[in-house]
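Undergrad: Residue-level listing of the chains:
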Amino acid sequence: MTVWDEVVGQEAAVDVLQRAAGDTRSMTHAWLLTGPPGSGRSVAARAFAAALQCEQGGCGACHQCTTTLAGTHPDLTVVATDQVTIRIEEVRSLIGTAARTPSLGRFRVIVVEDADRMIERTTNVLLKAIEEPPAHTVWVLCAPSVQDVLPTIRSRCRAVPLRVPPPEAVAELVVRRDGADPTVALAAARAAQSHVGLARRLARDPEARGRRSAVLDVARRIRGVGDAVLAAGELVDVAKAEAASSTSERDATERAELMRALGAQDGATLPPRLRSQVRQLEEDQKRRATRRQRDVLDRSMVDLLSLYRDVLVMQLGADVDLINGLDPNDLAVVRSLAADSTPEQTVRRMDAIGVARERLGSNVAPLLAMEALAIALRPQG
Amino acid sequence: MGTSWHSGRVPPATRSRTASRKPTGNARSWDEPTLAPVVLVRGPEGLLRERAVDGLVALARERDPNTEKVELDAAAYGAGNLQVAASPSLFGEAKIVVVTAAEAGTDDVYADLLAYVAAPDPETTVVVVHGGGQRGKKMLDAIVASKAPILQCDALTRDADKAEFVSRDLRAAKRRAEPEAVRALIDAVGADLRELAAAVAQLVNDTTGTIGVGVVDRYYAGRVEATGFKVADAAVAGDAGGAVALLRHALATGADPVPLVAALAMRMRTLAKVAAIRGGSVTARELGLQDWQVRNAQRDLARWTPEGLATAITAVAQADAEVKGAGRDPVYAVEKAVLTIAQATARR
Chain A
1 MTVWDEVVGQ EAAVDVLQRA AGDTRSMTHA WLLTGPPGSG RSVAARAFAA
51 ALQCEQGGCG ACHQCTTTLA GTHPDLTVVA TDQVTIRIEE VRSLIGTAAR
101 TPSLGRFRVI VVEDADRMIE RTTNVLLKAI EEPPAHTVWV LCAPSVQDVL
151 PTIRSRCRAV PLRVPPPEAV AELVVRRDGA DPTVALAAAR AAQSHVGLAR
201 RLARDPEARG RRSAVLDVAR RIRGVGDAVL AAGELVDVAK AEAASSTSER
251 DATERAELMR ALGAQDGATL PPRLRSQVRQ LEEDQKRRAT RRQRDVLDRS
301 MVDLLSLYRD VLVMQLGADV DLINGLDPND LAVVRSLAAD STPEQTVRRM
351 DAIGVARERL GSNVAPLLAM EALAIALRPQ G
Chain B
382 MGTSWHSGRV PPATRSRTAS RKPTGNARSW DEPTLAPVVL VRGPEGLLRE
432 RAVDGLVALA RERDPNTEKV ELDAAAYGAG NLQVAASPSL FGEAKIVVVT
482 AAEAGTDDVY ADLLAYVAAP DPETTVVVVH GGGQRGKKML DAIVASKAPI
532 LQCDALTRDA DKAEFVSRDL RAAKRRAEPE AVRALIDAVG ADLRELAAAV
582 AQLVNDTTGT IGVGVVDRYY AGRVEATGFK VADAAVAGDA GGAVALLRHA
632 LATGADPVPL VAALAMRMRT LAKVAAIRGG SVTARELGLQ DWQVRNAQRD
682 LARWTPEGLA TAITAVAQAD AEVKGAGRDP VYAVEKAVLT IAQATARR
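Heads up: the sequence lines are chains A and B, in that order. Numbered according to the numbering used here, the first sequence spans residues 1 to 381. Numbered according to the numbering used here, the second sequence spans residues 382 to 729.
Keep in mind that the hints are not guaranteed to be accurate.
Below 30 Å or equal to it, Euclidean Cα-Cα: the simulated DSBU-like pairs (lysine-lysine) are [claimed, not checked]:
1) Lys705/B <-> Lys240/A
2) Lys705/B <-> Lys286/A
3) Lys528/B <-> Lys450/B
These are computed hints drawn from the structure, not numbers from a lab.
Modelling step: build the complete structure from the supplied sequences, incorporating the hints.
TA: As structure tokens, this is what we get:
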């Protein structure tokens, strides 16, 4: 058993990180872990942090390892955000943290999980701290690709690329960790395109599988412009509902906690001088809901993209595995779309999905972006 | 000017004049002031509130020219201020106390007013000015229950109401205007009542004789208050020139490209949804559309083909991306979208 057990299908990257943790000559003070979403960036970052803290270089059993993996080690700071961007105040406070010597472990490790979710101004705050941290401080930044961070940050870090893990390796992890049925696990791993977290959810939760199939089915149901606009509205509503269901409970708890901290009674009208604090919380919650809704929509679009990728594979008769080949319903959708359209149309639709994802990222009204997408997906003569 | 079916706020058929003006309790219009120990002036229209207060003060001065007017700002009110202001002065002149901005008052002002309403001083007039909203509801309810006169200052949304307002101002100045001139004036500056009143005052002061369309045009020529919805209307009707002219007016009078694009998107969305209803896959109720929205959209759809709708919605999405940073010139982006929509209508 080692700390690297959870990092699946990343032998090359693990090798580099393991060597660095064991040998000071291979070590450096700033790392940039890059890889597609779900490839295990943050898992790898934590495993690396544990290996750095552990006396045996990552045994996975000692106190240092277990606390680091659990995120409770005093010398480990993890920065992640559930909003659209990481705020500059959070990053400023990191600089002070970085200057402290470690209290228990060998290093002070700062993991920034969403380094791509920093705007330029925020990133600039970090430049000096990343360039020359104190001897015992290690920065580990995670981002989808090296292009997602500024060149000035990139040049100060050692980049370790993670690859998309093979679906079989992900399925194996899902079976091992969640005890899922191997066929379901493989279907989930393929459908999730090797996104570890998503594969686990798809394998565990039949409802999540149903939602995914429903999204794919939308592509088949669009027959005209009217249907397209209705389908787009449906997708956005589903995303909203999913965002609300995953955040509303937490929102209410947070609000109740804040009210208690402020000494206000729940249900009674709030004194004016406390309102700004509650409003601030509500704004944070709204940002979180926005991010969540966008993530869900983006996920739907990635699912649609996988569908058209399969359609293209089928149309061109290529000899590769289908992403949606293991579920009979999904396969039927792929077959019917492949029969109905030409490869040129499929490629054009995939482009439209790419455009819509980009638009969603640049703040276009989600409903409008989805409508334009759905219209591009309709059958055209 | 047609009824504003797209605003979604005021379905025209269901709202009648009597319904909106129906007096509750002792309510009356803002221009019928009457003196009483306590008078409530309420409603969202600031100009009318001011005029109502002026009317009350004038009435009080008519009764007693030495009447002293005291203003209390409810937002900065301290306990007991009302008692001090409303008590008879040393020389015994009458007083009119105006409590302004009671919609944002301190807790003290509500407590004091509540106490005062129960036992008002008959020699003094206390005017409570409330801009609407729920704050101070208990005090408002107490005033209403005490049968005190209430001067309603509702916002004037209908053009007919605005025309009435203009002619009242003209009558007060002993001037006359052609109906077309009044209409042109409302089209030009009608969105804000204060601005409309100022425009009337300017015309009254600067011109002589009957106010005609020519005079209004000379002062407010070419100015049209366009909203995103009007632009969308013109574009959907295929009137490219009119739509672009309205768009330029809207931008020149301070409209932001982002909500303009949103208005276009909303309009196209309704059209596409109604097209789906025609296809028979859903009903209007399932889509949450009102009957009149469906009727209007069906009329517009006569000019549209599915391909045209697709082109238009795609163009609007592109414009939204461009006004939010993907393009260099947001104004150009909206204009292009408006032109694309207008040209996407089928020519018959």
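Undergrad: Would the hint linking lysine 705/B and lysine 286/A be met if the CA-CA limit is 30 Å?
TA: With a Cα-Cα distance of about 20 Å, the restraint between lysine 705/B and lysine 286/A holds, given a limit of 30 Å.
Undergrad: Decide if the proposed pair is consistent with the structure: lysine 528/B and lysine 450/B, CA atoms, cutoff 30 Å inclusive.
TA: Distance ~23 Å between lysine 528/B and lysine 450/B Cα, so the pair holds.
Undergrad: Given the proposed pairing of lysine 705/B with lysine 240/A, does the C-alpha separation stay at or below 30 Å?
TA: 22 Å, holds
Checked against the numbered hints listed earlier, the structure breaks none of them; every hint is satisfied.
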